[in-house]
Amino acid sequence: MTLPSPSDGDLRLHQLRKGQPATVTGVDESVVVTTLPAGELERRMIEMGLVEGSRVVILHEGFPGRDPIAIRVNEHTLALRRAEARAVRVAPLA
Amino acid sequence: MSVQASAAQPPRIEPPRIALVGNPNCGKTALFNALTGSRQKVANYPGVTVERKTGHAVSPLGRRVQVIDLPGTYSLRARSPDEEVTRDVVLGRFAHEEGPDALVCVADATNLRLNLRLVIELKRLGRPIILALNMMDAADKRGCRIDVATLSAMLGVPVVPTVAIRSGGVAGLLNQIDRTVASAFECAEPCSWSEPSSRDLRAYHQEVESILARCVTDAGLPPLATQRVDTILLHPVFGLLFLFAVLFLMFQAVFAWAAAPMELIDGAIGGVKDWVDTTLPDGALRSLLTDGIIAGVGSVVIFLPQILVLFFFILVLEATGYLARAAFLLDRLMGGVGLHGRAFIPLLSSFACAVPGVMAARTIENRADRLATIMIAPLMTCSARLPVYTLLIAAFVPDKPVLGGMVGLPGLVMFALYAAGILSALSVAFVLKRTVFKGAREPLLMELPAYRLPNPRDIALGLFERAKVFLTRAGTTIFALMIVMWFLASFPGAPADATEPAIHYSAAGMIGHALEPLLAPIGFPWQIAVALVPGIAAREVAVGVLGTIYALSGSGEALHASLAGALAESWSLPTALALLAWYVFAPQCLATLSVVRRETNGWFWPAVMFAYMIALAYGAAFVVFRVASGLL
Ligand SMILES: Nc1nc2c(ncn2[C@@H]2O[C@H](COP(=O)(O)OP(=O)(O)OP(=O)(O)O)[C@@H](O)[C@H]2O)c(=O)[nH]1
Ligand SMILES: [Mg+2]
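For the protein sequence lines, the chains are A and B, in the order given.
All letters in the first sequence, in the order written, are residues 1 to 94 by this note's numbering.
All letters in the second sequence, in the order written, are residues 95 to 726 by this note's numbering.
By construction, these hints were calculated from the structure, which means they are not laboratory data.
From the three backbone atoms N, C-alpha and C, an ideal C-beta is built for every residue, glycine too.
Heads up, some of the hints might be wrong.
What the hints assert, rightly or not - With a Cα cut of at most 20 Å, we get these calculated SDA-like pairs of lysine to any residue:
#1 A:K18 - B:V331
#2 A:K18 - B:R322
#3 B:K235 - A:N74
#4 A:K18 - B:P316
#5 B:K532 - A:A83
#6 B:K532 - A:T34
#7 A:K18 - B:A319
#8 A:K18 - B:F332
#9 B:K527 - A:L36
#10 B:K527 - A:T34
#11 B:K527 - B:V431
#12 B:K527 - A:T35
#13 B:K562 - B:R322
#14 B:K562 - B:M356
#15 B:K532 - A:L36
#16 A:K18 - B:L318
#17 A:K18 - B:I326
#18 B:K532 - A:P37
As the list claims (entries may be wrong) - From the derived model, a few chain A residues whose C-beta atoms are all more than 12 Å from chain B:
#19 L11
#20 Q15
#21 L16
#22 R44
#23 A94
Chain A on its own, in the form it takes in the complex:
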């Protein structure tokens, strides 16, 4: 396993290119503006499989603004908005 190099040390899910596989390295909801109570978004994401170690890849992008995105998370497909995808820290797989 290679640690992410400093330049992409804080890459987020919404910054991934379409088709670029990555692993989730953390969930940090502090960067997201949300109506939910604190800690709620993080728990929902974990429940939907966005948790450390999951493999993710962006499959499809919506319209306009390439938003929302459909991602493959391990064995299922998930739709979410880029705004919330910011909360997911990822490390690209080479």
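Since the structure of chain A is already known, use the hints to place chain B with the ligands on it.
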């Protein structure tokens, strides 16, 4: 049998109760139907079931078991009202009801990870659990290998593979239910449950990972066909074009495909009427049969083909898994008016009927978003409004091909009416979200299920079910209302020196004339006023009442002319257009208002809904009537 023993431990009269719990779309309702022989709605998108449903299964040993089907959820930490139902039933908090004796956790075998996390959470409740590994056929097809024995050992619960949609696919589960239920009675202690923190959730997740590492020897292929299809259907440009094309085709087909069968039904009804006319002597009974029942109920029944075409489209869209894609595609666009992408699903159901549409809004987590969706759902043109549209279009819109013969003018007008409903719904949502329901949208976190070919038998059964509901309604509610209306329209009879048709002097005529001044500004004659009143009970009755009124008003010869013909003769075009405009916004039926009351716990929102819709309807009809009268 010893009296003492039964005093110490009173015999249970009620059958044991088991609840089906699992992630959304893992096949709980399909299992429920297979176990109990019910026909609850099964469809390929998350959030189909929004209520608790019960039924009875008989196990191989002849034991009767009550089975409870529940809305799907990822966790007992309910986020939305449908998930609260699941939490409350499972924890025994549901009003007047103990918790279930055992849980059948249903898991989608092609996607064990999320499903097992819930199983681990549920295991803490201390209730007996059976894990049903559903969709084993799909898992096999994808080459997914699961070691069931190890899984059962590691989880510490019995595991049975099932295929809910295949006959005999639940035999193993029934056997296991027998075994579990036999030993489950003693340990019904109250559940203790506390919301898991994110630390707990991660711990469960770790546990799942270690189980998966041992039990899943091959994760199989991803659903490649689905991904390939989605590169087009979720394409930012083609995807949206396709979505709009599907909707256009749907509304167009409602008109075009149904035309021939409708003519057949029309002919048959005319035949029956002629037969009654020639067999029975002239009199009140003949009038009741022909003018009341045949003209009234017949003018509603004729719309069966259109309703079935509409439902055919909705059923196919639901069964394939496309609905969740539509929600994805529209999320940003609907976000423009402040709605959640998921709101598309309740809104599409509302094209069939607003009642299930309003209920489907339960899956929307945030209260403001949900209320906004509920408030606009009745603006989607429901199938009960189809008869009114079709009748008026048949009477006033010439059947000319347009757009180079691709579509007929009637179909285009129909589409325009649907579009008017949709656009006004979006505008109302826009206003609501900027005034009463302010606030950011809930995050979108929605699973996109793999596509599935719809099973023709399921579609046929679904259509059959719809036809039954529609015809039953025509045979009961509408039939009864029509008899009442016939009496109101026939008595009291005309005075000896009558100059107008008898109906003018009847009770219905009086009611109509009393309401006329109120509706005159929007161009409605007294006949429409009479039809609108029972139309609040059930919209399509309005058409039936017009059928009766014009049958009774006509003189002997004109009676055979179709209702559309009679309307074309007696109404001006502005009146017809105003009535169409009225019906785009028409205050919804009583069933809708009462379901809104139930879903919002009070009369406030239904009252607001009724008021705003009647104001819009009156306003729109007024403007259309005035403008059309001025121009034409
Ligand atoms: N291939 C296959 N498909 C299945 C099986 N069981 C259910 N399905 C399909 O899976 C989809 C979802 O089934 P439902 O029974 O509606 O799922 P649910 O768990 O009740 O879903 P919610 O009510 O939304 O929570 C439908 O398209 C079913 O036809 C199965 O064993 N094999
Ligand atoms: Mg269900």
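Evaluate the condition: distance from the CB of A:R44 to the nearest CB of chain B exceeds 12 Å.
-> Nearest chain B Cβ is 6 Å from A:R44, so the label is violated.
Do the alpha carbons of B:K527 and A:T34 lie within 20 Å of each other, as the hint requires?
-> holds (17 Å)
Within 20 Å, alpha carbon to alpha carbon, are A:K18 and B:I326?
-> Holds, at roughly 15 Å.
Straight-line Cα separation of B:K532 and A:T34 no greater than 20 Å?
-> holds (14 Å)
Hint consistency between B:K532 and A:L36 [alpha-carbon to alpha-carbon, up to 20 Å] = holds (14 Å)
Take the C-alpha atoms of A:K18 and B:A319, compute the straight-line distance between them, and say whether it is at most 20 Å.
-> This hinted pair holds, its Cα atoms lying about 18 Å apart.
Are the Cα positions of B:K235 and A:N74 separated by 20 Å at most?
-> Holds - the C-alpha atoms of A:N74 and B:K235 are around 18 Å apart, at most 20 Å.
Regarding the pair A:K18 and B:R322, is the alpha-carbon distance no greater than 20 Å?
-> Since the Cα atoms of A:K18 and B:R322 sit roughly 15 Å apart, the hinted pair holds (cutoff 20 Å).
Given the hint that A:K18 pairs with B:V331, does the C-alpha gap stay at or below 20 Å?
-> holds (16 Å)
Pair hint A:K18 and B:L318, alpha-carbon separation not exceeding 20 Å | The given pair, whose Cα atoms are some 17 Å apart, holds under the 20 Å limit.
Taking only the CA atoms, is the gap from A:K18 to B:F332 under or equal to 20 Å?
-> holds (18 Å)
Given the hint that B:K532 pairs with A:P37, does the C-alpha gap stay at or below 20 Å?
-> holds (17 Å)
Hint compliance for this structure: hints 13, 22 are not met, and every other hint is.
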